[in-house]
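These protein sequence lines are chains P, E and X, in that order.
Each residue of the first sequence is one higher than the one before, starting from 1 at the first, in the UniProt record's numbering.
Each residue of the second sequence is one higher than the one before, starting from 1 at the first, in the UniProt record's numbering.
Each residue of the third sequence is one higher than the one before, starting from 1 at the first, in the UniProt record's numbering.
The reader is advised that the hints may include incorrect statements.
[Said to hold, decoys possible] Residues from chain X shown here face chain P by an in silico Cβ test under 7 Å; the list is partial:
1. Leu120
2. Arg124
3. Phe198
4. Val266
5. Val316
[To be verified] Computed far set for chain P versus chain E, every beta-carbon distance over 12 Å:
6. Ala65
7. Phe117
8. Phe120
9. Glu130
10. Phe173
11. Ser237
12. Tyr254
13. Gly278
14. Ser285
[Said to hold, decoys possible] Derived coverage of chain P by chain X (criterion: at least 3 residues anywhere in the stretch with Cβ under 8 Å from a Cβ of chain X; other residues may be distant):
15. 195-206
16. 219-232
Rather than coming from a laboratory, the hints here were simulated on the basis of the structure.
Glycine included, every Cβ here is placed at the ideal spot set by N, Cα and C.
Here are the chains, one letter per residue:
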Amino acid sequence: MSEFIYLTFDGLSRGLVYAAFALALVLIWRAARIVNFAQGAMAVSAVYVAYSVTNATGSYWLGFAAALLAGLALGVTVERVVMRFVDHSSPLNGVVVALGLVLILQGVLGIVYGNEFLPFSTPFSRDAFEVGGVAMLSRYDLFVIAAVGSVVIALTLLFTRTAIGLRMRAAAFAPDVSRLLGVSVGGMLTLGWALAAAVGSLAGILVVPTELGVHPTAMDVVFVSAFAAAVVGGLDSPIGAVVGGLIVGVLLSYVSGYIDVTVAPMAVLALLVVVLLGRPGGLFSSSKARVA
Amino acid sequence: MKRMATAALSVVLLATAGCTNDGGGGSGSGGSANVPGVTDTEIVVGTHMPLTGPAAGGYSKIAPATKAYFDYVNANGGVHGRKITYKIKDDGYNPANTQTVVRELVLQDKVFAVLNGLGTPTHTGVLDFLKTNRVPDLFVASGSRSWNQADKYPGTFGFNPDYTVEGKILGTYIKENLAGKKTCFLGQDDDFGRDSLEGVQKVLGPVAAKESYVTSNPNVGPQMGALKAAGCEVVVLATVPGFTALSIGTAAKIAFKPQFVVSNVGADPTTVGKALGAGAPLLEGVVATNYLPLNTDDANPWIQLFKKINAEHNGNAEFDNNIVYGMSVGYLFVQALQAAGKDVTRDKLLEAVTKNGFQGPGLIPLRFSATDHSGYGGAQLTKVEGGKAVFFGTPYTTDDAEGPVTAYQGQAVTPPQNGVPAA
Amino acid sequence: MTTIESRPETATKAPPGAKRRRRVHPVIVIALGAVLVVALTYVLPPFRNYQLATVGAYFCVTAGLTVLTGLNGQLSLGHGALMATGAYTLALAQNRWESLPLSFALAVLVTTGVGAVIGLAAARLRGPYLAGLTLAVAIVVPSVTSTFDETFNSDQGLSVFLEPPPEQYPMEQWQAWLCWAAALVVVLLLALLVRGRFGRDLRAVRDDETAAKLAGINIARTQVLAFVVSAACAGVAGALFAYLAQSVSPGAFPLTLSLFLLMAIVIGGLGSLFGALWGALLLVVLPALSQSVGEQTGSQRLEGNLALIVFGVVLVVVMLAAPGGLASIPSRISRLIRRNR
């Protein structure tokens with residue numbers, strides 16, 4: 001029982017990170033109809049910025065803020081300089097350009113920082129509180145929950161309660177009409193990318209200290225899990241991303257704990273097959289999947 | 001017809017690629033009896049290393065250190081008047097890349113020998129190729145027992161004590177000092193983990209619980225959880241540095257504090273401590289082994305020499321045990337070259353290595369002989385105290401079979417005055 | 001192979017004159033290619049022959065992938081895993097029965113079977129959902145090899161038993177012949193296949209599923225078949241990789257391999273078999289070139305990473321400047337010339 005509780009909490013805490021990352025993917029997908037394969041590399045770049053700032057100033061929080069700002073800036077740059085000029089006649093083009101960006105970012109990071117895992121510590125202890133001898137959550141887990149929770153709430157408020165959020169949604173769903181109504185569609189797109197990249201950076205800075213450290217490829221595995229989460233939830237649904245992230249996190253934790261870590265990727269595959277064969281547009285797809 | 005032009009163009013491209021770096025290839029003549037990679041003024045040697053990719057951490061510093069030692073020797077007149085050129089190729093720890101870069105070294109760069117190729121899965125794939133081309137394959141950087149097959153691969157020699165030998169020594173430590181404690185094992189899911197476990201169990205009998213990990217999954221939470229649940233008091237780690245840090249850090253996270261006993265491969269406190277970051281104090285009291293002088297032992301003449309070379313020829317890189325390792329490999333190779341004589345050939349080099357008798361930084365002798373191609377035959381125990389590893393007890397030697405673990409009484413030697421082994 | 005009208009825009013935008021170009025029969029092109037390759041193997045030094053062999057092995061899989069993704073519009077990020085299937089089958093069969101032809105046949109057969117299973121699932125999925133599923137397939141390789149480590153020996157992989165080639169031929173020349181024999185056969189079959197009714201169906205499904213359905217094409221069957229054909233090619237390539245490396249291990253089939261394959265065919269020119277050749281060539285030449293540049297600058301950090309940047313920049317630039325890929329550049333140029341005349 002104690003192992004079950006520990007695994008559940010561990011899975012939920014990790015699942016929240018996947019959820020944040022999946023949310024970033026969903027934001028861009030809804031805005032631009034591009035699966036941003038460069039999300040992981042962009043997040044790692046932001047974490048490296050945090051690493052440099054933290055090392056220079058000695059303050060985790062300055063690094064944390066720097067990472068989010070770097071994420072915003074990177075999102076704007078990627079959209080304005082590259083993605084805007086991609087020919088969208090085939091969905092493949094965006095994917096391929098994003099993959100190209102991954103290579104460029106990872107190459108540059110490797111040259112600047114070297115291909116070694118650089119240590120990155122957490123601001124709070126990762127020692128789990130014990131309740132009646134059962135390890136539950138650590139302070140760091142609570143921090144992760146709070147951080148991801150506030151992002152989800154902030155995004156919900158932004159999209160449902162503010163004029164700018166409404167404009168962003170309008171620009172994404174009906175660009176031509178929005179343009180006629182005076183919405184700056186291009187500007188909204190840029191804003192969407194910036195927001196998504198910042199959320200992705202948050203996920204990055206939350207997950208990297210719990211693994212081997214900062215490395216140009218540190219987010220690759222997270223990207224795959226988060227992408228699976230987004231697909232399971234349905235790429236059009238932010239709620240789906242959060243639920244999908246939690247499902248994937250908990251599933252991975254149970255499988256690793258009760259069977260074997262090596263089985264984990266197979267479990268992700270199995271989950272995708274089961275969900276997608278039942279609902280080819282993900283769990284929370286609003287429209288029925290296209291039946292050709 | 002345009003398609004034809006495309007085809008022709010692609011051929012031209014391939015041919016151009018063929019010519020761009022052909023320059024150095026054909027210059028192997030003029031030396032003694034036309035030995036590949038040897039001229040009157042130069043000896044070309046090559047290696048494959050993970051400079052990028054997940055395994056690069058720590059290990060990427062080895063080859064540059066070896067090169068720095070060679071540069072030092074070159075600055076002091078070289079070996080028999082020849083300068084050593086060390087070609088370092090990055091294989092990213094991907095066996096497919098190792099195939100390509102080793103072929104490039106042998107067929108294109110015409111190296112005299114391959115030195116210190118790193119990694120079990122990577123190097124296993126090129127054994128046959130090197131044998132077919134009769135290229136000496138010296139001092140492989142891994143403790144797999146595959147390098148010790150004198151009949152099958154007469155040109156291949158190891159360097160590290162093999163993992164079983166080391167496992168037996170770690171087992172002996174536990175038997176003598178931690179008797180009666182529940183001993184468990186976490187190892188990499190390959191020859192490294194398996195051979196090491198075999199060594200430990202040869203001494204201790206079956207361990208109470210054993211777990212494994214794969215490098216592609218940086219999460220050992222479940223394994224540490226299982227070891228904690230099994231009530232382990234001693235945990236033997238056959239892990240690479242990143243995973244040593246991860247295991248110790250994860251254990252602390254779940255309030256699991258056993259005595260850790262770690263294989264040399266993953267025990268360098270500088271590398272592991274860096275990976276642990278703020279958690280570095282967790283390393284205190286960790287027991288491991290080493291067979292070369294420790295980087296922090298400033299009184300050791302070898303360390304003084306290597307530090308000097310590191311400052312002069314290696315851009316003063318952070319001095320850790322990977323650098324000690326790399327320079328020790330360089331020293332041994334120069335010894336072998338010196339012993340092979342002025343009219344060096346590949347056969348003469350192998351003869352010299354087989355004859356052995358090398359005395360260098362190692363705490364125990366190398367085992368090279370006509371029938372034994374494994375490297376160092378033992379190691380000494382270390383313990384982390386005040387953030388530094390320190391030796392305790394005496395060095396042990398043993399074999400990978402049922403032989404006893406015995407204390408080694410030989411004296412350590414000091415480096416020659418100029419730091420270059422004599423002919 | 002000259003017959004494939006590849007990219008969507010050639011079908012729609014190409015001037016009417018271009019279509020009436022006389023087509024050379026694929027057999028002739030392949031025969032010429034074979035002569036060229038054999039000639040090359042006598043001219044090139046051994047290491048270049050090995051690289052040539054690697055190009056041949058890559059060509060098998062890029063050709064198959066370009067038919068699937070370019071002509072049928074199905075995105076696969078999991079072809080590296082299919083190659084691993086072929087490679088491991090070859091290794092296991094070879095170590096057991098020591099007969100190369102048999103092992104090759106088994107490798108192709110098993111990979112085709114696996115491809116059929118994935119293809120069945122893939123036929124229900126579109127766009128990013130298909131990408132997600134195949135991505136999960138790509139990362140499952142190390143997981144499978146370590147879960148069933150008694151058979152696959154985990155991260156360390158298996159070595160492959162191989163007979164040495166006949167005495168009179170150097171190893172590398174022999175390897176180049178074998179790889180290119182396989183590649184040319186694969187490409188010939190593909191070229192013949194896609195110029196017929198099957199190719200028309202593939203394109204029809206890609207361009208408009210509803211219209212294709214109205215025209216009486218069985219959509220799901222066409223898609224599954226495309227996946228099966230493409231998987232068989234990946235199986236051949238995987239087997240060749242195992243043969244070349246004399247070993248198989250999950251490290252040789254990482255996620256990046258799957259991604260690189262996709263990028264190669266996009267840079268080369270989607271849907272074009274010549275584009276696949278370009279892609280295969282780039283996969284070998286680009287890393288080699290940038291490594292030698294890195295070596296000359298003497299910076300260790302540059303060495304591996306420069307290749308990544310070069311690959312990435314080429315990819316982005318090609319996508320932005322010439323979405324038809326390298327294979328479209330000659331026709332673009334000739335179109336320009338014709339227009340200016």
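Structure-based check of each hint:
no. : hint    : verdict
1   : Leu120  : violated (9 Å)
2   : Arg124  : holds (5 Å)
3   : Phe198  : violated (18 Å)
4   : Val266  : holds (5 Å)
5   : Val316  : holds (4 Å)
6   : Ala65   : holds (20 Å)
7   : Phe117  : violated (5 Å)
8   : Phe120  : violated (7 Å)
9   : Glu130  : violated (7 Å)
10  : Phe173  : holds (39 Å)
11  : Ser237  : holds (28 Å)
12  : Tyr254  : violated (10 Å)
13  : Gly278  : holds (28 Å)
14  : Ser285  : holds (30 Å)
15  : 195-206 : violated (count 0)
16  : 219-232 : holds (count 7)
The structure fails hints 1, 3, 7, 8, 9, 12, 15 (numbered hints given earlier, in ascending order).
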